[in-house]
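Protein chains in written order, with my numbering: chain A, 13 to 474; chain B, 25 to 786.
It should be emphasised that the hints constitute simulated quantities derived from the structure, not laboratory data. Among the hints, a few may not be true.
A short, non-exhaustive set of chain A residues, derived as facing chain B with CB atoms under 10 Å [claimed, not checked]: (1) GLU94; (2) TYR192; (3) SER195; (4) ARG456.
Beta carbons: idealized from backbone N, C-alpha and C, even for Gly.
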Amino acid sequence: MTSFILNNETIDTNLPAGMTMLDYVRYHQHLVGTKIGCREGDCGACTVMVGRLKDDQVHYATMTSCLMPLINAQGKHIVTIEGINPADGSLTPVQHAMVNENGTQCGFCTPGFVVSLTNHCLGQSPSESNIIASIDGNICRCTGYKSIERAAKKIDLLMQSLDGSTQPEFAIGQSIVPPYFKSILSRLKEMSPVHPEKMNSNRPMMNGGTDVYVQRPEDFTHSDILTFFDMPTLNEITLNDNYIEIGGSVTVTDLMESELLQSHFPKLHQQLKLVSSTPIRNMATVGGNIVNASPIADLVIWLLAMDATVVLQDHESREIPLRDFFTGYKTLAKSEEEFIEKIYFTRPAEDVLFNFEKASKRKHLDIATVNTALFLRMDGNMIAEAHVSAGGVSAIPLYMKNLSSCLAHKTIPFDDHTWRELQFILQSEIDPISDIRGSEEYKRLLLQQLFHAHFIELFGTP
Amino acid sequence: MINQDAYQHVRGESVYLDDIPVVRNTLYAGAFGSPLAHGVIESLDVTEALRVPGVVKIIVSKDIPGKNQIGGIIADEPLLAEDHVHFCGMPIALVLAESEDIARHAVKKIRVVIKPLEVITDPRIAFAKNELIIPPKHFKLGDTSDAFQKCKHIFEGRADINGQEHLYIETQGAYTIPLEAGSIKVHSSTQGPTAVQRTIAKVTGLGMHQIEVDVTRLGGGFGGKEDQANTWAALCALGTQLTGKPVKYSLHRDEDMRMTGKRHPYSADYKIGLDDDHKIVAYNVVFYQNAGAAADLSPAVLERTLFHCTNSYYIPNVTATAYSCRTHLPPNTAFRGFGGPQGMFVIESAITHAAEKLHVSPAYIQEKNLIRKGDEFPYGQLAEREAVDSWSSADEQFDFAKLRREVAQFNHDHAFKKQGLAVMPICFGISFTKSLMNQARSLVHVYTDGTVGVSTGAVEMGQGVNAKIRQVVEQIFSIPHDAVKIHSTNTFRIANTSPSAASATADLNGKATAMACEVILERLKRVAIQELQVQNDTQSITLKEHHIYHKNVPTTLSWKKLVHLAYEQRISLSEHAHYATPGVHFDWSKGKGHPFAYHVYGSAITRVTLDCVRGMYEVDYVKGVHDFGKSMNTLIDMGQIEGGIVQGVGWMTMEEIVYDEKGVLKSNALSTYKIPDIYGIPKEITIIPLPVEDDNLAIFSSKAVGEPPLMYGIGTYFAIRDAVRAFRHGASPSFDAPFTPEKVLLCLHDPVKQAEHVHRQS
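Next up, chain A with everything else stripped away, as it sits in the complex:
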């Protein structure tokens, strides 16, 4: 049985744990304000708010309900547009702003935008860029977004008037959410936060679900799946000796918000913002991104350049360098039963420089055509140690071994001869194919350019 609060109602359901929240709210609860646009997390029309208990508070985050299995709602508060609407038929300040600025035309994507903007008001610190970021996963085909931007700015103005009270108190006070939100904290405390059943390897195991629900939803929607998502043991980012350890169920959002990581990667936020969208980052996990084995997985490319190690667990645990984990296109050095407990890498010292580059057809909310990361440990002007990774240029996310070793002991800036040597090695180490994301010719040129971009970003000149 899965238990959660849906809007103001406590739900205990025996429906398949793998059913999507979208189908549940629309076809079982007849809450049709949540719309179906793509069923792959790419449009945001089905966005819901998910409130989870943490540090004696309810933290709300948006998720696309099309990729969310019921089981991942266990012990949480799920809010659809119906759970935001004032009972008297009036409008919330968010809804008013959308109406007054003409932020809605055909109206089909609108509930998703309202949900995302409302979620922002409950937790994110007020600023124009933050409120725009809250709707980076919502696609609108009618308005061209300008009117929605204007509405968002109006809401931001309201949120700027926050005075001492906590954001949820303020949001309730301003009728951004209905009064019943006050009761959620105590009600969630009475619920079991994680799914009560034990892990059992005979049943499909789910993490955030953002890849498998796109690729083969029919394998899960009728099944009683189990979940790693939200397992406290898999959810932490910690410093252990000189190693940074990231649990397998840590989400991309967790990474972005981690003070530990931010202190070592100053551009972390900017770089991870290129990964998908806010609602997907709230669901997508590090373990899932690795196990999906996509040759262009952003996090994998990032971690490969940190020369990370994967810790796998079944009945016992074992370790394997991430660069050896991918054995071929979508194949892994992992048994069916094993799952990723955590991944770790050496904490970068002061002398380390790091950059991540990604090019795609659309800058945000797109899958990379080519992505690459560069790790340099410097000794003055000399490179003491280098790790380069690249995605989209091989059947696997590639650790560029030859290029990495060639970089070692080179001095910055490179002369023309060195550049030619590096380019030659780079090109001989990759094997891109032409596909929907670009031609082989383009990917070769693009990686070469992004490799240059690393040095422009880190040193100002190529």
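Given the structure of chain A, go ahead and fit chain B onto it with the hints provided.
Below, chain B alone, put in the same frame as chain A:
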């Protein structure tokens, strides 16, 4: 003025097709589409699919009681494939099952053996093989062969424009419910309720009077649901006819993208001739339209390409030829602009080509050749205003020379970033080019409590047509907006509607509504004269804030009282009015006429900033002056402007439709077909209304605004080109839209030399 629909949209309470409460016994449909783009069906096996528990029936072509034909303009498209398949995804069979999941599961169990035939995806190849949908169409003005001989400069080239996926967020769908005596009620997400009704009548063999099509609203259309909603409605109606049960089909995104047509890709050859003074003297253009596997609306789209092949320019000698080429892609269809944007892209390419070779700015040639009042378009209509008005007004407002200086300075200061500028003037004709379609009807009921219900042929899809029609009623009757309700579009209430398309919906249906209201008002005024016992002059009676005034003095009569009086006197409070746009005509045998009620003009300047290391770019601004006439709702009209521009920018930049050589769609999901997100739009859009004095045929003189702004987006293509050339002087990329980051990067840098990529294994 706020669109009243917005209040329910933001609460998620507006009802779309998939939100209609499901009726008992409803079956769910799933279409089995051809896995191959062209071939002969050798065998079709549905036995395994039929065995799936919950499958009720599988319909194939021979089950169709009426005609297996859905072609609108030309009868060349079967609903379900018979012997041949002509495009990948072409429906072959329809599964009806007790749930959506079962239907989708059963579809996968259908087996078909198809003997493959040659697949054509390129319109030029189709042309070479004489695969034409219709005979070629021509426009001719002056004499180009003579004129070219006198030209100082002549440039020839080729332009290619890719298609565009509509990507309405609500997918296609229909829900059919049996009524008594064999009639069928049809909920359809369609821009053309009559087209749906007519198609179902043909396929089922029922009369149109037995088919009630009802449309509350669409979650976006953009042309994609003008004709292509017919398929899904007809399939559901067949299901209902054959099972006696309600049938629902709300397509999954992948089905929608695979099985429906898109904006037409075009390839074109141009030849442009200029005199010493950079005046364009002659223009030859040949268009190869990629129509897809059947006519659909392609012939009409082709015509509009010709109508707009000279955009906002006056060219005295023009020869334009257009071929509608049959390929093995899903039949391409209407999309905002309807062929016009493709015609404009080619003339802009030709002008840019000439400018680059002559070392002048394209804007210099553009401005010199803008059409003037009284100049003749290639199709015979005379321009009624100056295209130069919006251009010079935009130049005054935004100072093009200053913007150019800013760009030059930026480019001087930055090695890895370059900016580019382009001006895009537009001139778009308003009216259906098929003159007979320029008609509409409106049914207005005033109820005894003073409230008003209106039915028209207009379909609300976000463009705000219902809000505008409501404004018409409010204004004529002087009653508050909550006293007016625009009802669903329904073929039992309003017959023989034209689709909501061609930007003309508010004009046609708004005018019909105005006529109906005026007739009722006239009757009410007579009742008032009698009641007030004043002189028999209806002019002296006016309405203001739901009160009746005589010679501007308030009377004892309120709107409600007057309405009730009329009812007591057995005066009709209802009216059904008919409007037909006056003066529009066109003779295709001559290629001349007066097809448009009026033109919409405008000019906008676009700047992009290009990251020359990565080949990615951002649009900094689109600023311009646009001819709204006298906007009756600036909030709605500005929404159309902004939305249209962004859709146009998307078409020119990131939106790339990819079919492989077998005719299989590769850009078949939102993960592989990208439309602008909130970070992918111009940072600034500023569009200022052009001050106008003259009247026009639009509703309340408020010009149509749906399609024209899309074409400002074309400027983005040329601005990127300008930036590419700032980085790489003298570069001459082919005119090939969209300008994706891939194409940009390959223009900016030499490809990797072979020696640099010795194969890894070797």
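Hint by hint, here is what the structure shows:
1. GLU94: For GLU94 (chain A), the interface hint holds, since the closest Cβ of chain B sits about 7 Å away, which is under 10 Å.
2. TYR192: With a closest approach of 17 Å, the TYR192 (chain A) hint is violated.
3. SER195: Violated. Min distance 22 Å.
4. ARG456: holds (4 Å)
The structure does not agree with the numbered hints 2, 3 stated previously, though it agrees with the rest.
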